[in-house]
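Chain order of the listed sequences is A and B.
Each residue of the first sequence is one higher than the last, beginning at 1 in our numbering.
Each residue of the second sequence is one higher than the last, beginning at 1 in our numbering.
Don't read these hints as lab results, they were simulated from the structure.
Mixed in with the good hints there might be a few duds.
Unchecked claim - Quick look at which bits of chain A chain B covers, simulated, 3 or more residues with Cβ under 8 Å:
no. : segment
1   : 6 to 20
2   : 85 to 92
3   : 200 to 214
4   : 220 to 226
To be verified - Below, computed lysine-lysine pairings styled on BS3-like, alpha-carbon distance capped at 30 Å:
no. : chain 1 : residue 1 : chain 2 : residue 2
5   : B       : LYS100    : A       : LYS66
6   : B       : LYS81     : B       : LYS56
7   : B       : LYS81     : A       : LYS78
8   : A       : LYS80     : B       : LYS81
9   : A       : LYS142    : B       : LYS100
10  : B       : LYS635    : A       : LYS78
11  : B       : LYS268    : B       : LYS546
12  : B       : LYS100    : A       : LYS78
To be verified - Not close to chain A: a few residues of chain B, all C-beta gaps over 12 Å, as computed:
no. : residue
13  : PHE166
14  : ALA186
15  : ALA266
16  : SER269
17  : LEU271
18  : ILE279
19  : LEU284
20  : GLU441
21  : ASN620
22  : LEU625
23  : LEU627
24  : MET629
25  : ALA632
26  : LYS634
27  : GLU690
28  : VAL718
All of these numbers come straight from a predicted model, not from anything done at the bench.
The C-beta atom is built at its ideal place from N, Cα and C for all residues, glycine as well.
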Amino acid sequence: MNTNRILQVQNISKTYGKGSSSTTALSGVSFDVLEGEFLGIMGASGSGKTTLLNCIATMQKPTSGKILLNGEDISAFKGKSLANYRGNKIGYLYQSFELLENLTASENIILPLSLHGVRNQDAEQALIPLAKHLDITDVLNKFPTQMSGGQKQRVAAARAFISNPDIVLADEPTGALDSKNAKILLDKLSVLNRQEKKTIVMVTHDANAASYCSRILFIQDGTIFHELRKSIKNETPAMFYERIMTVIAQLGGGSANVL
Amino acid sequence: MFFKQILSNIKKNRKDNGLFFATLLIAIVAFYTLLSLESQDVMRFLKTLEGDAIQKLMLLVPLIYVVSLFFVFFLVYFAYKYQMENRRKEFGLYLMFGMKRGRLFLMLMCETILNSMLSVFIGIPVALLLTESISLTTARLVGLGIIGHQFSLSPAAILGTVCGFFLVQLMAMLILSIHFCRMEPADLIRAEADIAPKNVSGKKGILSFVFGILFLALAYATGVTLLNRFEGLPTLLVLVFGTLGTFWLYRGLGTFIEHALQARKAKKSGLYTFTGRQIQENVLNQHASLAVSSLLLLMALACISFGIGMGMGRTAADARACDFSLMGSEEEVTAFVQKKENQDMIEVCYPMYIGNIYQGDYTLSATGLVDAIKKTPQNDLRDKIIENLSMDDNYLHLFPVSSFNNLLASMGEEKIQLNDNQAAFYSRMAADSPNYLEIWEAALKSGAYAEFKAPDGSSKKVELLPDVYYNNIVADRAITLSTTLILPDDLYTTLTTPLAESKASMADGIANAGEETSGMADVTKSSDDYDDNDATIPFAWNIRIKDVIVKNEGLLPAIMKMDERLVQAGLSYDSYLGGIGRNLFYTVASSYLSIYLGVLFLLIANTVLVLKYLIWQKMNRRRYLTLMMLGAEKKAISLSMETQIRLYFLLVLGVALVNSVFAIWSMFKSFVRLPAGTSLEMVALLACIELVCFVLVELLYIYIVQRKSRKEILSLHVSERPE
Chain A
1 MNTNRILQVQ NISKTYGKGS SSTTALSGVS FDVLEGEFLG IMGASGSGKT
51 TLLNCIATMQ KPTSGKILLN GEDISAFKGK SLANYRGNKI GYLYQSFELL
101 ENLTASENII LPLSLHGVRN QDAEQALIPL AKHLDITDVL NKFPTQMSGG
151 QKQRVAAARA FISNPDIVLA DEPTGALDSK NAKILLDKLS VLNRQEKKTI
201 VMVTHDANAA SYCSRILFIQ DGTIFHELRK SIKNETPAMF YERIMTVIAQ
251 LGGGSANVL
Chain B
1 MFFKQILSNI KKNRKDNGLF FATLLIAIVA FYTLLSLESQ DVMRFLKTLE
51 GDAIQKLMLL VPLIYVVSLF FVFFLVYFAY KYQMENRRKE FGLYLMFGMK
101 RGRLFLMLMC ETILNSMLSV FIGIPVALLL TESISLTTAR LVGLGIIGHQ
151 FSLSPAAILG TVCGFFLVQL MAMLILSIHF CRMEPADLIR AEADIAPKNV
201 SGKKGILSFV FGILFLALAY ATGVTLLNRF EGLPTLLVLV FGTLGTFWLY
251 RGLGTFIEHA LQARKAKKSG LYTFTGRQIQ ENVLNQHASL AVSSLLLLMA
301 LACISFGIGM GMGRTAADAR ACDFSLMGSE EEVTAFVQKK ENQDMIEVCY
351 PMYIGNIYQG DYTLSATGLV DAIKKTPQND LRDKIIENLS MDDNYLHLFP
401 VSSFNNLLAS MGEEKIQLND NQAAFYSRMA ADSPNYLEIW EAALKSGAYA
451 EFKAPDGSSK KVELLPDVYY NNIVADRAIT LSTTLILPDD LYTTLTTPLA
501 ESKASMADGI ANAGEETSGM ADVTKSSDDY DDNDATIPFA WNIRIKDVIV
551 KNEGLLPAIM KMDERLVQAG LSYDSYLGGI GRNLFYTVAS SYLSIYLGVL
601 FLLIANTVLV LKYLIWQKMN RRRYLTLMML GAEKKAISLS METQIRLYFL
651 LVLGVALVNS VFAIWSMFKS FVRLPAGTSL EMVALLACIE LVCFVLVELL
701 YIYIVQRKSR KEILSLHVSE RPE
């Protein structure tokens with residue numbers, strides 16, 4: 001396995017508010033993401049998993065600690081370099097798709113490239129293989145309102161991958177999808193991960209979605225509390241799913257039960 | 001508690017929303033300005049002169065008031081809608097916290113009433129200030145400054161303003177409150193309303209676009225070629241073609257933008273596609289209101305141009321020839337003029353004679369005139385003149401030169417010098433029609449003559465001087481003479497009296513009168529001889545007031561003083577004041593009201609545009625956040641947004657401007673006539689000033705929207721993206 005550390009999260013904390021009324025969302029979280037990994041972050045509501053993802057995505061600034069992408073401190077990014085980071089270095093997949101309703105699928109997908117100066121006709125070249133893989137070639141000229149939820153999320157996925165980012169962050173990407181469309185999406189993501197060596201970090205509370213990951217971090221009360229690693233050689237998704245469910249059951253019972 | 005909350009809401013809203021309050025103030029000022037028209041200085045003055053006409057005009061005011069109410073309703077409606085859209089989340093929370101819909105409704109209505117009261121308290125003084133300054137300015141412009149300005153607080157106007165304002169506000173708010181109170185809390189809590197994107201249907205759009213342009217072209221063509229007066233059918237055609245064309249053009253514009261975008265986007269990058277799509281979506285969703293705004297702007301430009309045109313046409317009044325023309329016997333006139341107090345005021349009094357050729361004696365041979373006219377370039381008016389000249393000679397009037405010279409002298413102009421074989425040409429029509437003047441000037445320069453044939457076969461030929469005279473021969477416009485010859489006194493007497501009568505004494509009488517340019521004419525005829533048909537009896541006695549008095553007291557007060565004395569003396573007369581009054585009336589009635597409506601339309605169209613855009617922008621908040629997350633810089637988003645605003649305004653303004661060029665062109669070609677002697681430079685200058693003012697107003701609005709939008713973009717932060 002490739003041991004190149006693409007993302008290093010070093011002891012980050014995030015506190016909302018000040019003084020006695022402050023709330024700690026993250027306290028001293030550290031982990032690395034290796035290139036080509038499909039990392040899942042699981043946890044209950046309020047556990048801090050979305051805050052963690054937002055910090056990586058530069059949507060929020062951690063109160064302390066560092067996040068390095070390919071060795072670069074992302075909190076130092078400002079202005080152009082920040083825009084460049086958001087557009088080129090990371091891709092983001094939202095639960096609610098966040099497609100622009102007045103742009104066609106293809107215009108939505110190539111927007112990150114466009115924003116960084118790539119001419120639309122060149123960007124469309126990069127789009128074709130990705131669209132084929134995600135099975136959305138039929139809807140490329142349609143507007144989001146003319147598509148199903150599954151198609152919308154795959155269009156959003158194409159947009160997240162189009163600029164060939166170092167890492168794709170997905171926040172509950174199956175949250176708004178039915179189980180069939182969720183499965184299609186996760187299959188496509190995991191193929192992209194395995195075949196194209198795309199690095200994906202996915203926040204979810206759905207054990208089924210998490211079972212597609214190669215490693216899962218469990219987070220509770222702002223700290224990493226457990227880690228599961230899928231044994232690729234001899235573990236089926238179903239077996240991995242059971243192990244995940246066991247951890248979730250133990251999460252409910254408190255940390256004392258977990259090894 | 002409930003009341004406290006209402007008060008705090010109002011305070012908060014006022015702080016957040018300067019534009020909203022400015023809109024309410026505009027509404028109040030608009031109502032008051034219109035309703036207080038009657039108490040303006042100019043109007044009060046005119047009432048003393050043209051009471052009936054003013055009465056009729058005042059009957060028109062309620063009609064315009066209703067029209068204003070209708071348009072201001074939309075203004076207020078959009079202002080409130082904008083505010084409510086900003087507050088929808090708040091309403092949703094109220095409902096979730098257990099506030100009853102009825103109570104929410106009550107709260108909103110109370111807020112409206114309090115808001116209205118506050119606006120009235122601020123708006124009425126502002127309106128007063130404005131109307132006072134308008135009153136003073138117009139009074140100054142038309143030369144009434146001396147009459148004395150009166151502070152014109154009009155209780156009726158205030159009452160009308162307050163009632164109209166409350167009515168409009170409550171109606172707008174009622175409709176909106178019902179709409180918002182009926183919504184589900186969940187829909188309200190989502191901060192942005194859904195934008196329902198409309199699909200572009202290619203063929204329909206293109207067809208609509210093409211038909212739009214076609215209909216507009218038809219409207220232009222009809223307006224410029226067929227519209228001669230305010231006639232029924234052409235006017236209707238222009239209105240129908242123009243309105244339909246504008247609506248269809250905007251309906252099809254979305255598809256047009258789609259094609260333009262597809263053709264160009266391949267080679268572009270950045271936010272180009274996004275900007276294009278935003279504008280396209282805006283046009284597709286709001287094509288009707290864009291069309292309405294554009295038409296309102298067209299109406300604004302047309303009304304203002306019409307007002308300026310009419311104002312120009314009327315203020316270019318005649319040079320003051322004399323102040324009064326008395327119609328009475330010599331004795332009556334003499335008695336009046338020779339009174340001590342009147343003598344002190346009167347600079348000069350002289351009789352004006354007008355005559356016709358005495359029937360049955362002499363006849364005019366117009367060949368010399370017709371031939372001269374025929375030398376000028378062919379056109380309809382020339383042919384008409386020739387036709388008139390070739391008819392019998394009843395139309396021809398005659399002046400004795402001495403009488404006419406009195407008029408010229410009193411105006412300080414050079415007298416006409418005629419020898420026995422010369423005459424001068426006079427036509428009052430030349431003052432009103434520049435074309436008429438041009439034809440006659442050309443004809444006279446080429447050498448024209450008139451020939452009078454006596455019954456015995458002999459004839460008298462007179463050469464015409466090359467100048468055309470068109471001074472007003474009486475104080476007001478009581479008579480209009482189209483073709484008149486100014487003749488040597490002897491010839492005048494010969495032609496106007498029966499051959500049998502003794503001519504010498506008549507000629508002497510006239511000649512004597514002619515010499516009196518100061519003081520009274522030497523009157524020898526008794527009042528018994530007075531006869532309207534007699535060309536040797538003065539048609540009127542012209543009086544001119546001493547310049548010293550005019551200088552010291554002002555022209556209008558001096559005239560009004562003399563006017564009173566004439567009324568007391570029971571003389572019938574015609575006064576320069578009547579002319580001024582009529583001029584003023586037309587100026588005020590047409591210019592003031594149409595400029596008022598024009599400005600109102602301008603304000604409404606722009607405010608609606610601005611508010612619609614800002615509501616739209618609010619709905620787009622999430623999109624901008626997504627763009628930022630995808631790596632767009634705030635600066636790039638700001639630029640895109642500024643382009644959107646510019647194009648959005650340009651789409652409305654462009655069509656409105658093109659439309660108005662043709663509208664104003666056909667207007668000035670048909671029913672608005674500029675007075676003779678209005679130079680092209682003057683018209684161009686005024687048009688330029690109007691255009692510059694219009695552009696400045698629009699730039700100001702664009703600036704306001706851009707500033708507000710930029711602020712909004714800068715306040716965006718990716719972390720606030722709703723999950």
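Violations among the numbered hints, reported as their numbers in ascending order
Of the numbered hints, 1, 3, 4, 5, 6, 7, 8, 9, 11, 12, 15, 16, 17, 18, 19, 21, 22, 23, 24, 25, 26 and 28 do not hold.
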